[in-house]
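Novice: Here is what each chain is made of, one letter per residue.
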Amino acid sequence: MIRGVIVMNDRGKPRLVKFYEFQPAEKQQELIRSIYRVLCSRAENVSNFVKVDSLFGQDVRLVYKTFATLYFVFIFDSSENELAMLDLMQVFVETLDKVFSNVCELDVVFNFNKVHTILEEFILGGQVLETNSSEVVKTVEEILKMERAANSIKVVPSIPGWQGR
Amino acid sequence: MNPFSSGTRLRDMIRAIRSCKTAAEERAVVRKECAAIRAAISENDQDYSHRNLAKLMFIHMLGYPTHFGQMECLKLIASPGFPEKRIGYLGLMLLLDERQEVLMLVTNSIKQDLNHTNQYIAGLALCALGNICSAEMARDLAPEVERLLQFRDPNIRKKAALCSIRIIKKVPDLAENFVNPAAALLKEKHHGVLLTGVQLCTDLCKVSKEALEYFRKKCTDGLVKVLKDVVNSPYAPEYDVSGIADPFLHIRLLRLLCVLGQGAADASDTMNDILAQVATKTESNKNAGNAILYECVATIMSIEDNGGLRVLAVNILGKFLSSRDNNIRYVALNMLMKAIALDSQAVQRHRTTLLECVKDSDASIRKRALDLVYLLVNESNVKSLTKELIDYLEVCESEFKGDLTAKICPIVEKFSPEKIWYIDQMLKVLSVAGNYVKDEVWHALIVVITNASNLHGYTVRSLYRAVQTAGEQETLVRVAVWCIGEYGEMLVNNAGMLDGEDPITVTESEAVDVVEIAISRHLDLPTRAMCLIALLKLSSRFSSCSQRISNIVLHYKGSLVLELQQRAIEFNSIIEKHHNIRSVLVERMPALDEATYSSRRAGSVPAAVSTSQGAPLNLPNGVAKHTSSPLVDLLDLTSDDVTAPSSSGGDFLQDLLGVDPSLDLSQPGTNQTQKSSNDVLLDLLSIGTPPAQSSSSMPDLLSPSQDNKNSLDVLDTLTSPSAPSAQASSPVGSSMMDLLDGFGASSSVPVVENNGPTLPSIVAFESSSLRVTFNFSKQPENPQTALIEAQFINRSPDIYSNFTFQAAVPKFLQLHLDPASSDTLSASGNGSITQKLRVTNSLHGKKSLVMRIRISYKMNDKDILEEGQINNFPRDL
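These protein sequence lines map, in sequence, to chains A and B.
Just so we're aligned: 158 in the UniProt record's numbering is position 158 of the first sequence, and the numbers increase by one with no gaps anywhere.
Just so we're aligned: 328 in the UniProt record's numbering is position 328 of the second sequence, and the numbers increase by one with no gaps anywhere.
Next up, chain B with everything else stripped away, as it sits in the complex (with noise of 0.2 Å):
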């Protein structure tokens, strides 16, 4: 006999799938037997059709198809034999999804079998009812099971309620026809009814306000007794649960009484006595007794305050977290989240066993802990919570020191009493866990220290002692080495010393040990390239160990990572050659603002003005390489060029874009403004020129003393070994240089002609090929109004045609372009093309003019775009 023919019973089929060794083999019966059920299907085969679906539900299991089997399930239901409707129901439940039609078929049969003499038949319709009914057979059948909540047999009534709880929730307008009949089954006898009773009068509550309002005021009382009489009933062995009775019940009255004490004074005054009877009398050396007490709590949490109740709450919370269930421990965790913001105070109280959870096997309930401990830390118990915690960061798996540094290190910043004491916990983390610190931490601990001036020499000495034992750290390892560069001499002689800190002895020599091995142990670029500068700043303080330095930064000239390279070159240059102002280049760094780090940090946008001088972590030491200090670079010139009277993140991005509503492009001729997304990139890579307070500020940072003339002389010779490639390179590329590179950007500022007449002439744009000249002038009776003639010269060996010239102006401006005067440009700057512009400013005196501009031409048939902003407009425009 073949096993797999038609005729093969279930356990036959379940045989053969289970004696498949591969899936392909399980794919090749399972074919075989949906091929032979689908023939019995269109045979109208009726009497293995009950065996067919008993398959098809467990071929439905294992994941195949079965839709095919759906109108099956409606036949099994319509015929009048008790196993095939049992089996019919059992697959509309599982087979059938919630598509309406197939379900509208069906709905009669329920009605009948609803109202069948054979209770357990009406028991399958209910129990098929309360899975998948929609909301037309809610309708449809709402009064057949709202009569059955009356019937003799209590399996029907409290399958009746549960099946309401369906009805109300597909349906709420139906609710009010249940809130009666619903309120009849608390008064049940029967457990199962009860409880079913109970939850349908919880489901009403949450539809319905009317339904809520009835049951708080005509079932809180008896709720409350029903709720006393389970507590202090004698032993029913029937629906114990090892050892306590009927917790179910307990739990599902509890929340009820939950629902109903919720904002409701009176209510909640009603059932404080129970609460606090089952809180106190319920054992809790069984699960079953720890889950009412569990609810327990969560009512007496959830209804209006009874100080007394909270703190008896919060107690039993406290005994669930010395519990040795996990379980347990984890739903105790859970809850006192939810209890800290009621009642802090009296979670407080448990902190010690809550360290003791953060120390827990089980990672789930350890991260719990973690959360709440970090709820839990203020002024006065920071100290000695920290203590415990980096304790515990020292000996726990590396897999949990992640979330544990992310928890310990806002502490420590927000709960900090004094620097001294923020520092030395940082540097414990850092030595511990360097590796998992995230860079804004160690970013915020420099800005620290620069800002403490007393405590340099202790900080730097700190760090060296810390960075022997913890070399393996990076953060660490790169503050150490930043701070070394900085305050390297007081490394050395031992300057601003604390009261009991111990000395210490460090030759010149030593402290450079430090870098070098830093620089060549740790493989990231923002670590070496910090360990280069350190380097180039302790090359003019240790004057025993300048040659030392020279050699370690000409090892990296030849280094393969081209910022490393570059640095090497310059840092190289400024050693050999430059004496006379390397002391004055490698000043030490000024302290840098708090205020605006943090608010940085915090994701609000300073004002244009406080950001380039605020930007700490991208000039501290001229590595410009942070991922973000690019973008933030580019936030800092949209927000110049935009009057910013908005600055939410959003317009911030559009600004970035190059598509803020209140930048109107215009343009002579016709006004096309498309923009393809390639411009938008365009755009964005275009405002590359840094304005002029962010370049202005670095001859600042670099030589305070100094005249401005020569430190731009100074940046000059700085750049020059990277400005032919600069310039070599297309425009786009080179402002993306600009952007990256903080040194090489003044080469391509165009240098503003300070001594001129009053409205002085201007470059406006240069690019390898093509030179843009402002000349302004000015109408004596309209101030506000600027006129410009702007010049295009072309100094490449061919041709532009097709030339065209566009410029946006922020929403303060007012911009008007006359045509050009032609659109052909000769080569070799033989000619140019000459076009005025009025640009009309609304905030004259206020605000300076800034300009985006974009030229298009075709050379050599080749179309080319060229982007740019102006931002050396003089100032009185």
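Chain A on its own, in the form it takes in the complex (with noise of 0.2 Å):
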């Protein structure tokens, strides 16, 4: 089972956090501390792979791999392939790179809520959902234009009038 998925940038901001086992809020950030402590600690030639049993509990690891500026980090435990783990946020990445076209920083920062949506589609309770980079970008489109037609037909009072109260 796959425990979350962080993605952070390179001063430890949270840029994206899911977890599929419920933890606090606290708990949460002082996770997030914790992983990125061992991930700025870690150096350049090793493995993508680290242990993470006193974070997480027993047989847990991670798996993180830097893009730009920012590290994707998916935490999961024995019942995961370590190698298709990579495998998974390659594809992970490459589709936000297609729904962004040349995702950034700034993307995800904007657009979380989005980013939430694309992660849906590709894990569901920890359990891998899809693994097709096409057939996701197809869904999220289409989730998209249901966005856009709601809000289109919804007349959404000007925010002047909203400041006045």
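Hints are computed from structural coordinates only; laboratory data are not their basis.
Quick caveat, the model's predicted, so the values are computed rather than measured.
For each residue, glycine too, the CB sits at the ideal point set by N, CA and C.
Wrong hints could be hidden among the right ones.
The following label-pair restraints were derived from C-beta to C-beta distances [claimed, not checked]:
hint	chain 1	residue 1	chain 2	residue 2	range
1	B	A406	A	R33	29 to 37 Å
2	A	S54	B	D269	37 to 45 Å
3	A	R33	B	K811	41 to 49 Å
4	B	S599	A	R37	51 to 59 Å
5	A	T66	B	R521	54 to 62 Å
6	B	K21	A	R33	16 to 24 Å
7	A	R37	B	D499	57 to 65 Å
8	A	R11	B	E440	42 to 50 Å
9	A	A150	B	D269	52 to 60 Å
10	B	G307	A	R33	46 to 54 Å
11	A	S54	B	K847	44 to 52 Å
12	B	P410	A	R33	19 to 27 Å
13	B	E510	A	T66	52 to 60 Å
14	A	R37	B	N378	34 to 42 Å
Using the hints, build the complex out of the two chains.
Specialist: Below is the structure:
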């Protein structure tokens, strides 16, 4: 089972946090900080896997990869194949790249709930749902189309009017 | 326009937060936003609630509290529009904790959405359910999810499959409902559905034995065929991951086969062919291919044995080891760790590659490889592997040296074919990484050296050479100094030359140089103490250096470290004043008992008798300063006074703390046995009087040829400088010193009057002011029972009032105390209190009496407690 997916930047700011087992907010921040510390202290020429038993319990590992300014981290237990997790991360990032056409940190920051939607098409309840990036892109585009349609139907009151209250 | 007003868009808020320079600024922005969102919630503002919730999710990600938004999620989920529902469900998954009451409220909305005509809304509901479903919800919504497993749209089917996993994990009883629909999913053509279906089957097998049996019987053949199709399928670009068709599906199928094959020979047989095909045909130049191979190996390792396949699997791992990709090497090592338990012979073949991995630049790979190599060592390869490891020890980074020595040392100890090889290897390790070697390792080395009498000369000469070049390695220096102290003359006169050994010319003065350099160079107390003892030993052997040694020792009379100062004073007195006994005193150590040492290291507790002579490491040179040894002495003491039928660690601790249930504490009059933790501590410290065995072994060690009386005198003179201070300090303090101080101990050991009648009186306890004597008598018809008359005398100038005496004995004894003659003890030895005790020894003739006593009284309105242990009962009581 995948225990969590975290995207953070190279200064430890979380950009996407998703735990598939409930963690209270304070604990989440603590985990993010601990993971950041681990990642910072990794040398360059080492493997992408880190044992994180001390944070998550027995046999839990994480795989991480840096893309530009972002760390992508998947946390998972022994029922997952480490190398496959590495591939899944690759597919996830490729998909982000397709959806945002050349994804950068700012895209993830400002569209974090869109990124969540994409992630939901890859992993559901800690299990791999889909590994085909074009299938995911298709679904996500469908969802976005529905959002836009709904938003254009609804007449949004103008912001100044709102402020007047 | 104020950008922080509640009307800001999500984008604006994120921008505002990002532009904050400090954490305080960020907190202020977030506080303002949260206040606005709260206001909007309380005004029940519908229009912006989904934007507000999106903001809250961002704020939550940054670690701020957002519980006030939980109800908003539920409202949004219940609203009809898709964007609201989407944000609502996202909020539900991110913001809500698993508190049942809140989740209960959402069950109904989810139920409706699961039946929604819009499949995307049904998809949202499935996704949320798969992430946060509780046991309650699982029971309520299982039928809906089960139905959706057959939904026309594959996207819904695959989500329903994963949602089912969460349901059966929460409520395993529901598993049986899902077995048939799950089996149907295995016939799917859609890769995504097949992938999730296989995963559902795997999890069903985990929660239900019946499901496992069912799938094993009905689906193994089908799954093998599916895997075969996937392996042989033509190129499918949509599932391609770097040139490999659908590696995830491969992996999931292999994982399920692994579960089905485990412990089932028939099922394992069915899958042998396809596993062999996957193992041989999958390309291994890409990560995706390796992921499949890795999973295939894992499956082969877990299913029922097929020798050929296992060798194939281990060979794949061997190939992984020489991969350039760190990740591949990393997983291969993890897997080999499992493989070694199944087929160490096959792993053995990759020894050379493994040794290369020990030298990897990645620390985690190095460490794993080292663990593996450690497991691979046996008698036949120990020499070559040790050589490789020691060679690497010389060049590796310093932070790895600790790990490496920690593995090399036990290998050498465990598998060494002969002592000379062991000594050679250990000297190499000590010379290269002596500062990383643990104490027990060089302790063990000394034990081995003392037992190899034919190698004493060789060892001391090798050490002499080693220390010339590696004098900074502390443990090497310690061993060298110890050996020079013991076998110094063999260094100088080249005694006991082995064939092929290079002769060496060392003068006495050069040998002393080594010790002198060591004592001035190393500041560590044990090293310096060992140096002093070596010097004492050499003082009688190297007559030409006697004066020089005396000067060095003299120098430490002024040491600020008490231990060194005391030793220097004592040794100086031996060197200056006691020529006649010096040579006997500093005789060579007898060989230390290897069996006792190794059993002690293994944590087992040797019998009481063997411990006293087998304490090799606190006695060797009289340095009773290793942290462990006082503790060991303590343990020895307690093992003496308890029958010790059970000697597990726990019991020992209890004994140590004086709370052993086998000790019945009897007391005349009242039966109060309150023991504050303070008392327990006092108990711990008060058992300082060493047992008969160890005190008598002391003279044996020092002067085996002399009669007992003489050696006692020697010890008296030895301890005289420290005796006054010991007496002046409180009883607790002095017994502590006794514990730590091998020589000082004898000063407080009561002298047994050997030449009395059959039942002599003894001084059972003596402190600076209180003296307790025991007079014994026996009724001839009852030899087991001894009558004791205790007499207490107060030699201080103050009267003791409220005087009580308590005693405790081990289980094999029975104790009865009569009331005391008085509870006031007059001062200055004028008068005494007497009290009668009756002790019945159920092991009469086998065990002597022992007793722990505690005396309390008031002196000048101060409560005083004195405690002690009596070991000097006449033997035949």
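Novice: With reference to the structure, classify each hint as holding or not holding.
Specialist: Against the structure, the hints:
no.	hint	result
1	B:A406 <-> A:R33: 29 to 37 Å	31 Å, holds
2	A:S54 <-> B:D269: 37 to 45 Å	42 Å, holds
3	A:R33 <-> B:K811: 41 to 49 Å	55 Å, violated
4	B:S599 <-> A:R37: 51 to 59 Å	43 Å, violated
5	A:T66 <-> B:R521: 54 to 62 Å	47 Å, violated
6	B:K21 <-> A:R33: 16 to 24 Å	21 Å, holds
7	A:R37 <-> B:D499: 57 to 65 Å	58 Å, holds
8	A:R11 <-> B:E440: 42 to 50 Å	45 Å, holds
9	A:A150 <-> B:D269: 52 to 60 Å	57 Å, holds
10	B:G307 <-> A:R33: 46 to 54 Å	49 Å, holds
11	A:S54 <-> B:K847: 44 to 52 Å	50 Å, holds
12	B:P410 <-> A:R33: 19 to 27 Å	37 Å, violated
13	B:E510 <-> A:T66: 52 to 60 Å	59 Å, holds
14	A:R37 <-> B:N378: 34 to 42 Å	40 Å, holds
The structure does not agree with the numbered hints 3, 4, 5 and 12 stated previously, though it agrees with the rest.
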